[in-house]
Amino acid sequence: MNTFTSTADDLGAPREFPWIADGLAYGGDYSPEQWPEEVWPEDVALMREAGVNTVNLGVFSWGLLEVADGVFEWGWLDRIMDLLHEGGVGVNLATPTAAPPIWLLQAHPEITTVDAMGVRVSQGGRLAWSPSSATFRRYALRVVRAMAERYGSHPALRLWHVSNELGNENARSYDDETGAAFQRWLAERHGSVEALNQAWGSAFWGHHYTAFEQVQPPRFASTGHNPGLLLDFERFTSDALLGYYEAERAVLRDVTPDIPITTNFMVMNEPGVHDYARWAKAVDVVANDHYTIGADPHRAGELAFSADRTRGIAAGESWLLIEHSTAAVNWQGVNRAKGPGEMRRDTLAHVARGADGAMFFQWRASTAGSEQFHSSIVPHAGADSTIFRDAAALGSDLVSLARVRGSRVERAKVAILYDQLSAAALRSGRNPSNDVTSTREPIAMHRALTDAGVAVDVLPSDAALDAYAVVLVPTLFLAPDGLAERLDAFVAGGGHLLVGYSSGIVDETNRVIPGGYPGAFRETLGIRSDEHFPQFAETVLRLDSGATAGRWVERVEARDAEVLVRFDGGDFHGWPAVTVRRVGSGSARYLATSLDDAGLAQLLAEVVADAGVAPVVVRDRGLDAVRRVGDGASYLFLINQSDRPCTAEAGGVDLLTGVTHTGRVTVEPGAVVVLEEAR
Amino acid sequence: MNTFTSTADDLGAPREFPWIADGLAYGGDYSPEQWPEEVWPEDVALMREAGVNTVNLGVFSWGLLEVADGVFEWGWLDRIMDLLHEGGVGVNLATPTAAPPIWLLQAHPEITTVDAMGVRVSQGGRLAWSPSSATFRRYALRVVRAMAERYGSHPALRLWHVSNELGNENARSYDDETGAAFQRWLAERHGSVEALNQAWGSAFWGHHYTAFEQVQPPRFASTGHNPGLLLDFERFTSDALLGYYEAERAVLRDVTPDIPITTNFMVMNEPGVHDYARWAKAVDVVANDHYTIGADPHRAGELAFSADRTRGIAAGESWLLIEHSTAAVNWQGVNRAKGPGEMRRDTLAHVARGADGAMFFQWRASTAGSEQFHSSIVPHAGADSTIFRDAAALGSDLVSLARVRGSRVERAKVAILYDQLSAAALRSGRNPSNDVTSTREPIAMHRALTDAGVAVDVLPSDAALDAYAVVLVPTLFLAPDGLAERLDAFVAGGGHLLVGYSSGIVDETNRVIPGGYPGAFRETLGIRSDEHFPQFAETVLRLDSGATAGRWVERVEARDAEVLVRFDGGDFHGWPAVTVRRVGSGSARYLATSLDDAGLAQLLAEVVADAGVAPVVVRDRGLDAVRRVGDGASYLFLINQSDRPCTAEAGGVDLLTGVTHTGRVTVEPGAVVVLEEAR
Amino acid sequence: MNTFTSTADDLGAPREFPWIADGLAYGGDYSPEQWPEEVWPEDVALMREAGVNTVNLGVFSWGLLEVADGVFEWGWLDRIMDLLHEGGVGVNLATPTAAPPIWLLQAHPEITTVDAMGVRVSQGGRLAWSPSSATFRRYALRVVRAMAERYGSHPALRLWHVSNELGNENARSYDDETGAAFQRWLAERHGSVEALNQAWGSAFWGHHYTAFEQVQPPRFASTGHNPGLLLDFERFTSDALLGYYEAERAVLRDVTPDIPITTNFMVMNEPGVHDYARWAKAVDVVANDHYTIGADPHRAGELAFSADRTRGIAAGESWLLIEHSTAAVNWQGVNRAKGPGEMRRDTLAHVARGADGAMFFQWRASTAGSEQFHSSIVPHAGADSTIFRDAAALGSDLVSLARVRGSRVERAKVAILYDQLSAAALRSGRNPSNDVTSTREPIAMHRALTDAGVAVDVLPSDAALDAYAVVLVPTLFLAPDGLAERLDAFVAGGGHLLVGYSSGIVDETNRVIPGGYPGAFRETLGIRSDEHFPQFAETVLRLDSGATAGRWVERVEARDAEVLVRFDGGDFHGWPAVTVRRVGSGSARYLATSLDDAGLAQLLAEVVADAGVAPVVVRDRGLDAVRRVGDGASYLFLINQSDRPCTAEAGGVDLLTGVTHTGRVTVEPGAVVVLEEAR
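Residue numbers (the UniProt record's numbering), protein chains in the order written: chain W, 1 to 679; chain X, 1 to 679; chain E, 1 to 679.
What the hints contain is simulated information worked out from the structure, not anything from laboratory work.
Because the structure is a prediction, the values reported are computed rather than measured.
Don't take each hint at face value.
Stated by the list, open to error - Just so you have them, the derived chain W footprint on chain X, three or more residues with Cβ under 8 Å: (1) 204-214; (2) 513-525; (3) 639-645.
Unchecked claim - Partner residues aside, some chain W positions facing chain X, computed with beta carbon under 10 Å: (4) Met117; (5) Ala295; (6) Trp331; (7) Thr386.
C-beta: ideal position from N, C-alpha, C; glycine also.
The shape of chain W in the complex, shown without the other chains (with noise of 0.2 Å):
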């Protein structure tokens, strides 16, 4: 059945709910407003001929509907939206809070956020409203609630998109107002003034507070605050901006409880202040923004991540591409345009990872504001295009992929395990090294596997790691309360495991975990720091395993471990740079520096190979392969990443050319093939 099902947290069950399109979602954010409405039937068309079957509709739009106080002029949106429903192309309808009118932010500039040093912003961005601000709240809900009303029934309806980007222009925010919420908040989080004091370790430097009504946001200091502090205010500041979202949530579910809610998450956006491994909890189905990096010569990998990831927080759970780029966007220094085949591959490896749907930002490239410069599926140029042309090609590909809708990607052995979090907590402070971040480690392993053809989860630290045999702890800088037995059960279950440097060092509070490093994990591991040796970037140090490594040195013991790789040289020789505690049949290594990409890839072949996990398909490197499964039916997805012919040991009908392979099938380069497999 076309449907999904939500366990978002104000649902007293789980529910079902149609899904938004027949098949995979495909299309873009629409903004009619921007157009003359003589160009509206036009756009249509194109839609029908490019395969776009959903859009992202009224974002930003609040001006344009309330145009003065209370005065709602819903015509256009009427007009539009009908137009849309005749063509067939079905509405993710946003509420427009993303953008406040210039009128109200004339009438309150008292609800846009202030910076750490005391500036508040003015008006001609976007969002910039602080979520704490009630009268703020006030006038969003207010048009959400009219626009839930006038549309709640309206045919092409399908989702509601609420706001945009919760967050992304407007976390943390130092005013009076927001401060008098964060003490609320932290009265309910520590319960009294005295276990802040001590969660926190404020006797430093003798910040001893005597009533939450004394603490304020980490204002412009004259030197770093407390890492306690810091972290509290960016975990108050994700729940201030969820409890926004929630907000609007209630009122859409109150006027139309039928129609499913979401908001668009940027899983990959660092330094982010979103937990989103709780919003995710929150969303009728995740949605996620992703762009790549043009300048990153690992992009495919960080998508990949990305896309894991995502499927991650969503408990596995299909999910929805809410907004990637055709080409080039308009924010990066440089800002790329991709090469050949790179917007289906990009796109193709989102749904091969668990999308069930694909849109881009934007259909029609703006010709003024601030975006004007970024890609589109109608770019400056036209329909008479490349790009759009390549986009109706796509489109048509997503038809043959339709009945990949609805099944799951195949759990893989591996979890790597990834926190927001923990990410917080290591930029919450002063530590180490600058060089250190909770990223690289991740994406480098995931990168690694995924070169080997091996399939990765990428998990919130809570997670159930039963059904794995390799548990990766990249950089986990905070240890979550019962993380290391529940790693201790997974390594004595047999599982293995792998901690990496800078993980487990401090707590929820971010308090350091005392009596050597990792404190939370060195029992599991067996081994014992007793001091840091941060490494400066253009060191390169020798391992007797023949590679190199950088970054990180720690004066690691082995008391209950075996030494697999050591120092070699220097003055770390013979330190211990990989170790292993074995645990009947279960491992325990620690990786106590950064590998080169080739020891890596080594050193992560050797623990795979320990739990006897296979690749998902036998493929040439450069081959990414991953696999759904749905009802009776299995579907390898196989990404040619690379600029030669790669081959896999794989068979079935090839969905998008309907072409049948057998026993071994032959990628070109930069193609993609989708077998559906016989089972």
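Once you have looked at the hints, place chains X and E on chain W.
What follows is chains X and E alone, placed relative to chain W:
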């Protein structure tokens, strides 16, 4: 006759004024107020020794002339004016408004500019006042009137020098008084708020305005502002400064109708806010400040471009180099001193290109104040110094060149179009690549032609093109209304056009011209691009001409044009890099990338050859050759910018040495020859 | 006798105080308030194990001692003072004013500093209060008096440690209260506003003042401020902080006249505002904080310079290293840990150069707060750690060296003059090159001499020079009144002087001394430059000595001097790089550029040879050799900073091992020998 003609836009008709000096003006900014009065006679004696006949006097002296509100102390200025007159030194008298007195800043702190974050500028610098401040203007015009009344008939007075580098430290204020002035300016420009909404495309992000009073300057916002607003704010700021200038001018005209008026421009100051082509119409004689950048290996070429551009906005009339430096400045990171002969070459290069005078900032080096390490004619070491001796020798050279005064630079056959407004548009928004600048390609093309001995005029795009054989349009991002039609006519008339990438992309409202790039010029060029491919700085691409290219690629379709050069290899293999559309004897080339120096020289050589344009004179590369033409005489400037002797096929009397050359002249490395040619 | 002599400027006469420890002081900052009270006995036991005899206690503890306005809770401090005393650990008790309590910051936000943009510092850091705040001072002196009254006679109390690193986070406030204090300071310094105008050359830009009330701190301005104002603001700020220290001192002297008083300096903190040579006269014993920069390959040399400079401002008396680190700090980008033996070498290098104690920040590593990753004696891993074991071994070493306490470093024959005020002048204005710093050449010269085994004193320029054979004046931008005459006398007396470029350029008002560079010293040196030629960082120039040079060239005329080295080739060919004016047996050299290491070593070798200065001892390069001399004994410190064994021609008993060496001693790589020499 020793006069010049002003066509300033406040005069009913063109009018003659006496030129400010006998022959070429020579001297510098003179600040006697910084020195004990006993130094003054030595100053005047040294001026005579150095051939100085003109000084800029009184710049920044307000605080010493009006020592308290309405209390004037003219004594010292009276005395030095008399002393200079007795010494035969003419005075460009500055209205002292470039530095408000401390008492005024304290009585009216609200006169200063406010930055985009809302921080008001404090005392301690210069300028800093907002051109939209009514209070400042009231005080300023009072002192200007008082000064005009006192010195209007002083025999030393030659020229009014209004304030100083208007906008250099007081462009772009974001305060409310400026905001109100901006709103009035917008109302005048756009007529109705609906027209403004249309021009800016304010439907984007729902930034719909319902009253001009809702518009604010582009203050600190959550993301980039609307490009139309940004561009209009640049236009407004230029106009606000110009309006201020005009207010001073009105006072001066009223009191001293027979004294010409100017203000010093900084035409190469990027990102400058001034639309100097418009400003040029407001002064009686164009005066420019020019400083080379020590770290620029092509600084001589940049200087030549600056001088040709200054002449261009002066509509070919002679102009005044009113500030440059004898040696190092003090505001660059490492302030490079000039090399042997460089001060002389720099000076004579300006004169060659139409300057009828050359003045230094400054006469005598300050020992105190924030410019204490800026070079001068009389350095800290005093007159017994290389710099003073070189400056005196240069003064003598300029006396030898006196008859050049009033002649005009021979009109070139090649024009480069350059608009400040286009530069403003390019920086007003988030564009495909931050590496695309408005000056790189214009200066590179100018240098390539200068190296080839071909004369170039640098013109505002609204200049008449009839007299030119070649017109170059490099990176003219904003296409003014009507330019495409004028270029069509130029080509149809047998002209040779070369348009460079990133030209004609937006219209006068900074909106993209849709339908394919370059929107404004694609018909003229017979080509159409549907996508831009900005390249990272380090990328080098090969062309089938043997040249290399970078920074920019686009997917060009040669619809009505021949492909001359193609990309060779890689993703862009076979794509057009240079095209030509031939129209009768005319041609229209498009350059879709940024060429290496040799490639650019080759391309321009072909264009010039097509057009039959000859060099100024047959000469060795390295010899900069410019011709000025006067009544019955012509003057060929030959400046050897190389480190080896260079010869030119030219003859006449070298005005600098009196030596007669017949048929061929050799110029020593770094030396200059100025031939009065037999015509 | 175990005492030391204070000559603090508030004592009527020199006076003896007991030294703070038996033998050398050893320990660290101790923050028991961060730990549960049950940890304290373990702390004291570990201190005994580590040889710790002294702690800095109570720094930052205000908020835990005065928990609300006027409400004191002394209990915990009483208990730990008693416990430390019982454990034989002496206390340097800090007045807790370095971190105002939260309640005080909330009741009086106006006590904090305001930056140049007008932004007031919020709570969350440390220091942050303005030294000119009367309100802060009232609260601070109250808690200081209360603490002095409570603990003044406690047997553990050894020394008052006033606040902490005064000025580190609260130099330069731009608020109005500070402005008024600045005006009063200026009135006192200049006497009349006309004298101020003259000193600053305020005629520049017409910044004429008619009342002291018109002067403001150098707030956000449109361009660079007047260098005279900037320098006076630096002087004022140093004095304001010093005045605050003196206010605390007055309270302490009043209550506890028998307890010596100090505050911890940071003499290498650039750009620091403190004129520490003046501050040194205000303390009973000079105490310094020193941290090496991990990325500096010459950090051992920088440490040696710091220690010699600390002794220099202490007028040769012994001093206290009151903070350094056992290992990594947490405020550099990548916080390098120390290598094998480095903590020991660093510590003993300070002791060798006159420190009578060495203390670490900190005793036990914090688990919370913004310094949670700063190293300590007891690291996160606890006492079972390399760092603790090394620190305990070092404690044992210091016990072995106890008899060194009270001895003095042998006076050197070579002095480097270094003034903080000159450094302040160099950064207070827009100078020829941002690449010229006040520390590069002094440290380079110091290192070249140290490498050659030659002892160096680093002195304020007003120190007596009679006892020296060689005086070096590198980059002494500001020439204090009378210094030229004193250097003349030094040379006339047979001394050997070397002045480096960018010295003697400005006078005490930061005005350029005209007449040719270096204005203050050109007669002394017999040379005169008329122009500076700063060089870009990447430029390498050849000299005819074979050395290379860079960064600086000037056009030197050797009027009364011999040219020793010239530039070779290029624009500067033949120009003097090194000159000498010989006066009887004395000499005055000028170095007009920045030499490479070998060239500088060669030049200094010549100067030292001329002066007949011998190394401390004949030894291999790489062996740092310093001699301390006490009553009837001398101690030769030999620190091997190299990676190979080094020998010295010296003998005596190695106090660290008890081994007797006769005639020659070999020191292993990285090791230290301290010989008690037979005299």
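Each hint tested on the structure:
Remark: the segment 204-214 of chain X is confirmed as covered by chain W, as 8 of its residues place a Cβ nearer than 8 Å to a Cβ of that chain, reaching the required three. Here the segment 513-525 of chain X counts 6 residues with a CB under 8 Å from a CB of chain W, which clears the bar of 3, and the coverage holds. Counting residues of the segment 639-645 of chain X whose CB lies closer than 8 Å to any CB of chain W gives 0, which falls below the minimum of 3, so the coverage claim is violated. With 10 Å as the threshold, the beta carbon of methionine 117 of chain W comes within range of chain X, its nearest partner Cβ sitting at about 8 Å, so the hint holds.
Checking alanine 295 of chain W against chain X by beta carbon gives a least distance of about 7 Å; that is within 10 Å, so the hint holds. At a threshold of 10 Å, the smallest CB-CB gap from tryptophan 331 of chain W to chain X is about 6 Å, leaving the interface hint in force. Evaluation of the threonine 386 of chain W hint against chain X yields a held restraint, the C-beta minimum of about 6 Å falling below 10 Å.
Consistency note: the structure conflicts with earlier hint 3 alone.
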